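Whenever a hint applies, use it, and build me the whole structure from the sequences.
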Amino acid sequence: MSIWFRSRDALSRLLDPAEREAVFGDFAELGMTGRQATKSLLGLVVRRQLRPWKAWNPWFALFAIVVPVSRQLARLSNQLGMEIWPGVVMWLHHGPSGRTGLSPAANLASFCLQAVALITWSWTSGFALRKLSRSTIWVSGVAFFAIYLVVLAGDGSLLFLALPWLGPSIDFLFVLLPAYFGFRPTTSSLKFPWMVLLALWTLTISGLALWTWGWDQAAMDNWSRGAPPLTLWQLAQHVGAWRSGMTHVFAAAALTVPALYVLAKDAFSQRASG
Amino acid sequence: MLGEFEYLILAATVRLGDDAYGAAIVQEIENTTRRKCSIGGLYTTLDRLEAKGMIKTWMGNPTPERGGRSKRMVRVLAKGKEAAADFYDAVLKVSRGTSWQAGPTGVRK
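Chains as they are written, first to last, in the numbering used here: chain A, 1 to 274; chain B, 1 to 109.
Hints should not be assumed to be uniformly reliable.
Stated by the list, open to error - Only some residues are given here: those of chain A computed to face chain B with a beta carbon under 8 Å:
1) LEU14
2) ALA18
3) GLU21
4) ALA22
5) VAL23
6) GLY25
7) ALA28
8) GLU29
9) LEU30
10) GLY34
11) SER40
12) ARG47
13) LEU200
Note that these hints are calculated values from the structure, not bench results.
Small disclaimer: the values here were computed from a predicted structure and weren't measured.
We put the CB at the ideal spot given by N, CA and C, even for glycine.
Below is the structure:
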C-alpha cells in the first residue's frame, strides 16, 4: 500500500464512521488517486477539527481544567512519591511511626486518602473534559498528559533514589490511567444521580486528602517540639502553615472545578428537561 | 445571503433531484463550471447548509461502483430554495446594465 493510501486511511480515522463510508465511496466513484484523495481528505479533516474551536467549551476545558488541574496533579503525585520514599526507608530502620510520629494506621490512612484522591481527581477531570467537548477530547487529552509530564520533569523528581519505579508507578496508577479511563467514550453515559454521588465523593475525598497533606507536616512539627498542642495562636505565627493552607485552598479549588462543572451541567439539563 | 459555492451546491442538488449525493454533486459542479470542486469543501459546505436548515442529508444505499459503500444523499429544503432564488435575483439585479450581461442594455459587442 502506498504512503498516500496509508495517509488517507490514517486521516479518515478522525471522521465519523458514517461520514468515512460516504467519503470513501465518493473517492472510489470519482476514481481519485491516493494523492488526490489524501489532499481532499486533509482539507475536510482540518476543517472538521477546527470547527469545534469556534465554541467556548474547548477553550474553557483547556484553560479552566487542563492547565490548572494537570499541574496540580503533577505536583501532588510528586509530593506523594517524595513522602513515601523516605517513609519506607524510615519505616525499615525505625518502625512505622519513626518519621512523623503518626501511628501506622494514620500513616496508612493518609496514604490511602491521598492515593484515592489522586485517582478521583484524575478520573473526574478526564470525565469533565469529555463532557465539555467531546469533539476536541484528543487535543485536551494530549495537552493534559503533556503538561503533566512537563511539570513532573521540571520538578526533577521523576525518579527516586533506590526506588526508581516509585514515581512512574504513582503517576501511572494514580493519575495517568484513571485520567485515560475518564477520557473514554463509555463514561459519557453516566447520568444524574450518579453525577451527584460522584461530585459529593470528589468533594469529600478532596477535603480529607488535602487535610492529611497538611496533617503530615503539622504532626512532624509537633513531634519535633516535644508534641505541644498546635494552638490557633501558634498557627497564626506559623507563616509556612498559612502559605501551605493557601496552597491547599488553591489546589482544592482547581481540582474540584471538574466535579462542580459536571454537577452544574447536569443540574441545568435536568431543570431544562423537567 | 448565500456564498457562491453554497449557491452552486444548491443549484446542482436541485438539478440532480433524487440522485443528489457527494460524488454526483462534485461531477455536476465540475462539468458545468469547469472548476475543481473538492470533496472536503463540499462536505464542509453541506454541513453548514444543513445547520442553516437549507438542506437535508441522510445515508443512502450502497452501490457496487462505490465499492459497496453508502452515499450521503442531499435534498434542498424550502428555505434553501428561497435563499438560492434570492441569490439568483441579486446576481441578476446587480448585473443589470453591465457590459457582460446579454440583453438590450449595456451589451458590449
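So, going through the hints one by one against the coordinates:
no.: 1; hint: LEU14; in the structure: violated, 12 Å
no.: 2; hint: ALA18; in the structure: holds, 6 Å
no.: 3; hint: GLU21; in the structure: holds, 5 Å
no.: 4; hint: ALA22; in the structure: holds, 4 Å
no.: 5; hint: VAL23; in the structure: holds, 6 Å
no.: 6; hint: GLY25; in the structure: holds, 3 Å
no.: 7; hint: ALA28; in the structure: holds, 4 Å
no.: 8; hint: GLU29; in the structure: holds, 4 Å
no.: 9; hint: LEU30; in the structure: holds, 5 Å
no.: 10; hint: GLY34; in the structure: violated, 14 Å
no.: 11; hint: SER40; in the structure: holds, 5 Å
no.: 12; hint: ARG47; in the structure: holds, 5 Å
no.: 13; hint: LEU200; in the structure: violated, 38 Å
Hint compliance for this structure: hints 1, 10, 13 are not met, and every other hint is.
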